[in-house]
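From first to last, the protein sequence lines stand for chains A and B.
Position 166 of the first sequence, counted from 1, bears residue number 166 in the numbering used here, the numbering being contiguous throughout.
Position 54 of the second sequence, counted from 1, bears residue number 54 in the numbering used here, the numbering being contiguous throughout.
The hints are simulated quantities; they were obtained by calculation from the structure and are not laboratory data.
Any given hint might turn out to be false.
Across the chosen pairs, the derived CB separations fall in these ranges [said to hold, decoys possible]:
1) B:D32 x A:A123: 48 to 54 Å
2) B:G92 x A:F29: 25 to 31 Å
3) B:R8 x A:V105: 36 to 42 Å
4) A:S181 x B:G89: 30 to 36 Å
5) B:A82 x A:G112: 20 to 26 Å
6) B:P7 x A:G25: 23 to 29 Å
Simulated coverage check for chain B against chain A, where a stretch passes if three residues somewhere in it have a Cβ under 8 Å from a Cβ of chain A [what the hints assert, rightly or not]:
7) 20-27
8) 44-55
9) 62-71
10) 74-84
This one's a predicted model, so the numbers in the text were calculated from it and none came from an experiment.
C-beta: ideal position from N, C-alpha, C; glycine also.
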Amino acid sequence: MADESSMVAHQFEGMRQQEESATLGMWVFLATEIMFFGGLILGYTVYRLKYAEAFAAGSHHLKMALGALNTAVLLTSSLTVALAVHAAHRGRRRALLTFLLLTVVLGLAFLGIKATEYYLEYAEGLIPGRGFSYAGPAPPAEVQLFFVFYFAMTGLHATHMIVGLAVMLVMAVLTWRGRFSGAYYSPVEVSGLYWHFVDIVWIFLFPLLYLIGHH
Amino acid sequence: MAAALVPRKTYVSVFVSLMVLLALTVGVDLFDLGAWNTVISLAIAVAKAILVVLFFMHVRYSERLIWIAAVAGFFWLAILLALTMSDYGTRGSLPARTGWTLSATEVSPTSGG
């Protein structure tokens, strides 16, 4: 285990300033991520208001129970990340490693449930493109647009989940190698911020996509 | 660091609140409240996001600089949504026009021949 001063890069006055800079840097990156997802949410909102009935018809084909379950899985993973950061601060290496790995398991569970949903939608012919099939009162082209947004938004979110999983695995390896201590754990804290952000995106995607009208 | 001040039971309380809000949003979805379904489900989503940002992401315990960076991201998103929706939301409010092409009476007579 390196001592504290060797973990401070030369441009910083001390550990505290280095930690604040790392946190600020992640928040600036997250601001760009807010705008990234914000553009999709904006486009979705414009067309949902324009094709209200078709979007509601499309939404009723989604598996609301699986979406709600996935929300619960992600919220739980945010708790395990918060507890991981807490353990890191206390210098509890074993607890930190446990919570990081629990987070990875929950993240994989989320992706597994999401993949199941995608498969069910594929089986129903709801993938936009030549194979798209929708037999209902709403115009099929407008319903298809709902599914374009659905797959783009949840797909981009799933991509972020995969990145988050890779980050958490790297943190787990670094923890296992004894890289962190109660005095130095910025990478864990900053990775946690990213994970919580991806959770927040899903917090909004769930009502926007799954909860249109009542079921 | 900011996380230093947060006791573990705060995280658990926040998690329980998030799960209650999730149950609430799914419960409300069982009833047909018209446009209120969307309003309520998005209000609950905002409440959940605020809980995550303030407690899990430690903004409540962070320096003002972090607070500004966090608010700026959501503020710019609000600008994006507000300006775009003020356009799309009011498109029917003005009398329809065919566009910027000049009508016959507006064309200069000298150009005719």
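Evaluation of the provided hints:
Against the hinted window of 48 to 54 Å, the Cβ-Cβ separation of D32 (chain B) and A123 (chain A) comes to about 29 Å, which falls outside the hint. Roughly 39 Å separates the CB atoms of G92 (chain B) and F29 (chain A), a value that falls outside the hinted 25 to 31 Å. Between R8 (chain B) and V105 (chain A) the beta carbon distance is about 20 Å. The supplied range of 36 to 42 Å is therefore violated. For the pair S181 (chain A) and G89 (chain B), the supplied restraint of 30 to 36 Å is violated, since their beta-carbon distance comes to about 54 Å.
Distance hint for A82 (chain B) and G112 (chain A): a CB-CB separation of about 38 Å, inconsistent with the stated range 20 to 26 Å. About 27 Å separates the C-beta atoms of P7 (chain B) and G25 (chain A), a value consistent with the hinted range of 23 to 29 Å. Beta-carbon proximity to chain A at under 8 Å applies to 3 residues in the region 20-27 of chain B; the threshold of 3 is reached and the given coverage holds. Counting residues of the region 44-55 of chain B whose beta carbon lies closer than 8 Å to any beta carbon of chain A gives 7, which reaches the threshold of three, so the coverage claim holds.
Closer than 8 Å: that is the beta-carbon criterion, and the region 62-71 of chain B has 6 residues meeting it against chain A, so the requirement of 3 holds. Here the region 74-84 of chain B counts 6 residues with a CB under 8 Å from a CB of chain A, which clears the bar of 3, and the coverage holds.
When held up to the earlier numbered hints, the structure conflicts with 1, 2, 3, 4, 5 and fits the remainder.
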